[in-house]
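Protein sequence lines, in the order shown, are assigned to chains Y and Z. Everything in the first sequence is counted per this note's numbering, starting at 1 for the first residue and increasing by one. Everything in the second sequence is counted per this note's numbering, starting at 1 for the first residue and increasing by one.
No lab work stands behind these hints: they were computed from the structure. You may find that some hints are simply not true.
Treat identical chains as interchangeable: a pair holds within one or across any two.
[Stated by the list, open to error] No more than 25 Å apart at the CA atoms, straight line, and that leaves these computed lysine-lysine pairs for DSS-like:
{"id": "1", "residue 1": "K156", "residue 2": "K30"}
{"id": "2", "residue 1": "K44", "residue 2": "K87"}
{"id": "3", "residue 1": "K115", "residue 2": "K162"}
{"id": "4", "residue 1": "K87", "residue 2": "K60"}
{"id": "5", "residue 1": "K29", "residue 2": "K64"}
{"id": "6", "residue 1": "K162", "residue 2": "K113"}
{"id": "7", "residue 1": "K30", "residue 2": "K64"}
{"id": "8", "residue 1": "K60", "residue 2": "K29"}
{"id": "9", "residue 1": "K133", "residue 2": "K156"}
{"id": "10", "residue 1": "K113", "residue 2": "K44"}
{"id": "11", "residue 1": "K133", "residue 2": "K115"}
{"id": "12", "residue 1": "K6", "residue 2": "K53"}
{"id": "13", "residue 1": "K113", "residue 2": "K133"}
{"id": "14", "residue 1": "K113", "residue 2": "K30"}
Keep in mind that this is a model prediction, so the values were computed, not measured.
Number of protein chains: 2
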Amino acid sequence: MAGNNKGKLFIISAPRGSGKTTLCNMLMKKYPSIRYSISYTTRKPRNNEVHGKDYFFTDKETFKAMTENNEFLEWAEVHGNFYGTSKIQIDNALESGTDIILDIDPQGAMQMKEKVTTATYIFITAPSFNELKSRLINRGTESDEHISLRMENAKKEVEFFKFYDYLIVNDATDVAFNQLESIYLAEKLRTTQYSNVLEFMNI
Amino acid sequence: MAGNNKGKLFIISAPRGSGKTTLCNMLMKKYPSIRYSISYTTRKPRNNEVHGKDYFFTDKETFKAMTENNEFLEWAEVHGNFYGTSKIQIDNALESGTDIILDIDPQGAMQMKEKVTTATYIFITAPSFNELKSRLINRGTESDEHISLRMENAKKEVEFFKFYDYLIVNDATDVAFNQLESIYLAEKLRTTQYSNVLEFMNI
Chain Y
1 MAGNNKGKLF IISAPRGSGK TTLCNMLMKK YPSIRYSISY TTRKPRNNEV
51 HGKDYFFTDK ETFKAMTENN EFLEWAEVHG NFYGTSKIQI DNALESGTDI
101 ILDIDPQGAM QMKEKVTTAT YIFITAPSFN ELKSRLINRG TESDEHISLR
151 MENAKKEVEF FKFYDYLIVN DATDVAFNQL ESIYLAEKLR TTQYSNVLEF
201 MNI
Chain Z
1 MAGNNKGKLF IISAPRGSGK TTLCNMLMKK YPSIRYSISY TTRKPRNNEV
51 HGKDYFFTDK ETFKAMTENN EFLEWAEVHG NFYGTSKIQI DNALESGTDI
101 ILDIDPQGAM QMKEKVTTAT YIFITAPSFN ELKSRLINRG TESDEHISLR
151 MENAKKEVEF FKFYDYLIVN DATDVAFNQL ESIYLAEKLR TTQYSNVLEF
201 MNI
């Protein structure tokens, strides 16, 4: 579309079990111009993980220098490893017309929101805490203790929903996907995507 | 959807020939909970026009008193007749869960924007001024002089597009309708539609 070729950044948060990954994968399959943001991390690569695809792997000294140079939009320490979202990586992708999904927890999203006002903030959740718990149990991959912890986290996370632009209550995957797709398509039509009239009236 | 039952106001502007009426009618046909805002007017009813459906017909004294009581979100004088959008009519419709389309020119939209920050502002246009002119000529309903006037107006109107939230460049009706529908569905998912977490987590 004339003039509307800048990429758009989508910050998506959801409690574990909300169906976020499924929905995002469906969206990226339908719209190949969307991809996940790639984080920097100081943790070691696991089997099959590829530098520049799954993560940018780096060492603690480099990571620390990057934080001091304000090169990250947000960063966090998890179990002794550092993870961060590079500002220049995001900027370059958007400039080239790529749409980016940044899958991040509410604390990270709040850090982003102070710096990136042009991004779209989406919160996804299951229709109830009971449903969320059932889904986690049905996965069969988590211990009872882990599930209790996930539920505690979920209760804290949903309190942040007001800081997001959109809320998707994922009751049925096809409906929720339609909602996510609508948000994606609508956000690409924002007037902020255009710099002037001449861009779209083909003068 | 639990908690998300408030109506939403959509302010739509478009130069004549952009296809706005067709697109809005398609949207209202698919989503019967949407209806046009009904204006107050001091002009006399034409054939078949129904009070309370096409317009609220009123006299100049009543209209003047309403402007003095700040009962209008916006109003204008056109060819000696007054037209206005009643705040309480809009509020009541939204409160009852009806979504409202207000079809209005950019001057009116700018008046609205000062007062109504929760509305969604959409600008629709043809892909070029040449295309706009061709469409007006093809309608065969307007004189050359009128078409020149419409084109002058169109050039002024599109300059306002930055004040709107969304821009639809209507090149093909099916694509433009899909875009309008996406905006409608997305805006119904705004977190501002919910007052708290308890509303959507069914606690």
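Treating 25 Å as the Cα threshold, decide for K113 and K30: within, between, both or neither.
For K113 and K30, the Cα distance exceeds 25 Å both inside one copy (27 Å) and across copies (36 Å).
With 25 Å as the alpha-carbon cut-off, assign the pair K87 and K60 to within, between, both or neither.
Result: close within a single copy only, 18 Å intra versus 59 Å inter.
Give the relationship of K6 and K53 under a CA distance limit of 25 Å: within one copy only, between copies only, both, or neither.
within (22 Å within a copy, 43 Å between copies)
Within, between, both or neither: how does the pair K133, K156 come out at a Cα-Cα threshold of 25 Å?
For K133 and K156, only the intra-copy Cα distance (15 Å) is at most 25 Å; the inter-copy one is 56 Å.
Since the copies are identical, ignore which copy is meant and state whether K29 and K64 lie within 25 Å (CA to CA) inside a copy, between copies, both or neither.
Neither, since 35 Å and 57 Å both go past 25 Å.
Pop the pair K30 and K64 into one bin, within, between, both or neither, using alpha-carbon distances up to 25 Å.
neither (38 Å within a copy, 54 Å between copies)
Checking K60 and K29: alpha-carbon separation at most 25 Å within a copy, between copies, both or neither?
neither (34 Å within a copy, 59 Å between copies)
Checking an output row: K113 and K44, CA cutoff 25 Å. Within, between, both or neither?
neither (29 Å within a copy, 52 Å between copies)
If the cut is 25 Å between Cα atoms, do K162 and K113 qualify within a copy, between copies, both or neither?
both (12 Å within a copy, 23 Å between copies)
When no copy is named, should K115 and K162 be tagged within, between, both, or neither for a Cα gap of at most 25 Å?
Intra 18 Å, inter 22 Å, cutoff 25 Å: intra and inter.
With identical chains, the pair K133 and K115 could be close in the same copy or across copies; at 25 Å between alpha carbons, which is it: within, between, both, or neither?
Neither way: K133 and K115 sit 34 Å apart in one copy and 43 Å across, limit 25 Å.
Is it within, between, both or neither when you check K156 against K30 at 25 Å Cα-Cα?
neither (32 Å within a copy, 38 Å between copies)
The structure is inconsistent with the numbered hints 1, 5, 7, 8, 10, 11, 13 and 14, although it conforms to all the rest.
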